[in-house]
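> What follows is the residue order along each chain.
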Amino acid sequence: MSSKEARRVLVVPGEVICEGEFKVLSPNYIVKVDGKYVATAIGLAQINDDSRELSFIPLEGCYVPQVDDIVIGYVVDVGLTYWEVDIRAPFTATLYAVDFLGRPVNPAKEDLSSYLSTGDTVIAKVEVFDRSRGPIITTKGKGLGKVIQGTIVEISPVKVARVIGRRGSMHQLLRSETGCDITVARNGRILISCPNKELEDILIMAILKIEREAHIPGLTDRIKEFIIREKVKRGLISGEGKAT
Amino acid sequence: MGRVKLLREDGLRHDGRKPDELRPIRMQVGVLNKASGSALVEYGATKVLAAVHGPREIPQKHLLLPNRAILRCRYHMLTFSTHERKSPAPSRREIELSKVIREALEPVVMAEVFPRTAIDIFIEVINADGGTRTASVTAASLALADAGIPMRDLVVGVAVGKVDGVLVLDIDEVEDMYGEADMPVAVAPSLGLVTLLQLNGVLTREEFDEALKLALKGAQVIYNIARETLKSRYLGVKVEE
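These protein sequences, in sequence, are chains A and B. Its first residue numbered 1, the first sequence is counted upward by one per residue in my numbering. Its first residue numbered 1, the second sequence is counted upward by one per residue in my numbering.
Just so you know, these hints were derived from the structure itself, not from any lab. Take these hints with a grain of salt, some might be off.
Here are the simulated lysine-lysine pairs, DSS-like style, with alpha carbons at most 25 Å apart [claimed, not checked]:
hint : chain 1 : residue 1 : chain 2 : residue 2
1    : B       : Lys18     : B       : Lys61
2    : B       : Lys18     : B       : Lys5
3    : B       : Lys34     : A       : Lys36
4    : B       : Lys213    : B       : Lys18
5    : A       : Lys146    : A       : Lys109
6    : B       : Lys231    : A       : Lys209
7    : A       : Lys209    : A       : Lys146
8    : A       : Lys224    : A       : Lys197
9    : B       : Lys5      : A       : Lys32
10   : B       : Lys5      : A       : Lys209
11   : B       : Lys18     : B       : Lys34
12   : A       : Lys23     : A       : Lys36
13   : B       : Lys217    : A       : Lys36
Everything numeric in this text was worked out from a predicted model, so none of it was measured.
So here's chain A without its partners, still in its complex pose:
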């Protein structure tokens, strides 16, 4: 990982980031042209002069699946032995019935739409994905499976890292300040379930604020202040910042 001394610059496609010899950690976003490192998307280039590493935080872009990513998907089609799931990637994902039900299915005897039908939501993990095939997802694992309650907030997939924060700090903050249960999926869908409507509103506003201001430093402190201010405004806590 890059150390704290990394310089950050806002760059656009075609812009030269730096010259010299560096280790490129984001090969899709940084290419070498005539000995110069050039950005290929809008984003923040992180230059670490000590470890000679270059990394890139894109500010726009779609979700590209990676094995072991947790994703939230909507069922778009029911097959004989599988479901097709929209995970906001360039490809729809496949969820096999054997995997979801944990037993073999006989398509002649049972109809898969009685378990999951079009429009249903699932939390799953990407099991297989490479350049030659579409992603296959699995619901085997803790916390995975059909979603039966909660609210989903959609943000840009490239901003998910901000909602989680450095070593989960932002995720922790949101959870402790609002008391909501938050599942952040890598494809930019966030499942929240909150004790009451007011806290849910505050949390959604906070998440959207994170998305808008993702590239401006000091985000965690700003979000903490924002949540406390909103709570005071709604009378959930007194003006001194203490919970009532």
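On the provided structure of chain A, position chain B as indicated by the hints.
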């Protein structure tokens, strides 16, 4: 009716511009919220809207390639974009321009990042006053950047023409119609690539060299505006208090 006079006595053009002067240029990105990326570009009175969808799967699986994304481009003029109503059906000219605009963008788009997908670019000319293909290239490349699709450089377009024997930059409809030559050029300035070059009319070799130099100079100005436009979207975000 006499010949249209495109250069005034004082050496300025019919709209008061100097020969090497661009029209006022305005750009905006992220103007549509359903598309992955979008841009609105104005070269004077020419106004073009571009939207990008994808990378995505498409029903026509036989078109897809196993090693990279395909680029599909549709250039279209709205019925009210011209003096006389333009039929909304794609004309021969529009089909050709869709192709040349696509080919102007293909060298910079890193299509190998998204195999088996399609990237769709839709371009609508809202108001046509000359230079719609060059404005379209600029708008499409901004929309691609706004969609976050990796590109080695931005591509910008500009046209050079010859009116009354003088080479002029960024010609408008009148200069295109009554001028002696029209040369649209699309450039990826950082990479030093010329990705589109067409020439309608007659230029001598010397004039051609001069015209290309003029186009590259104009493209650099447009390129800087395009970069600023992309950046200002983020630099303009204010921290809410």
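> Next step is simple, just say for each hint if it's right about the structure.
Results of checking the hints against the structure:
Distance hint between lysine 18 of chain B and lysine 61 of chain B is unfulfilled; the C-alpha atoms sit about 51 Å from each other, more than 25 Å. At most 25 Å may separate the alpha-carbon atoms for a hinted pair to count; lysine 18 of chain B and lysine 5 of chain B meet this at roughly 15 Å. For the hint pairing lysine 34 of chain B with lysine 36 of chain A, the CA-to-CA distance comes to about 36 Å; that exceeds 25 Å, so the pair is violated. The suggested pairing of lysine 213 of chain B with lysine 18 of chain B holds, with an alpha-carbon distance near 16 Å, which does not exceed 25 Å.
For the suggested pair lysine 146 of chain A and lysine 109 of chain A, the alpha carbons sit about 22 Å apart, so the restraint of at most 25 Å is met. For the given pair, lysine 231 of chain B sits about 19 Å from lysine 209 of chain A by alpha-carbon distance, which is consistent with the 25 Å threshold. For the given pair, lysine 209 of chain A sits about 28 Å from lysine 146 of chain A by alpha-carbon distance, which is inconsistent with the 25 Å threshold. Annotation: proposed proximity of lysine 224 of chain A to lysine 197 of chain A holds, straight-line Cα distance about 19 Å (limit 25 Å).
For a cut-off of 25 Å, the pair hint linking lysine 5 of chain B to lysine 32 of chain A is broken: about 50 Å separates their Cα positions. Taking the CA atoms of lysine 5 of chain B and lysine 209 of chain A, the gap is about 56 Å. The hint is violated against a cut of 25 Å. Distance check on the hinted pair: lysine 18 of chain B and lysine 34 of chain B sit about 40 Å apart at the alpha-carbon level, beyond 25 Å; violated. For the proposed pair lysine 23 of chain A and lysine 36 of chain A, the alpha carbon gap of about 13 Å is at most 25 Å, so the pair holds.
Restraint check for lysine 217 of chain B and lysine 36 of chain A: the C-alpha separation of about 23 Å stays at or below 25 Å, so the hint holds.
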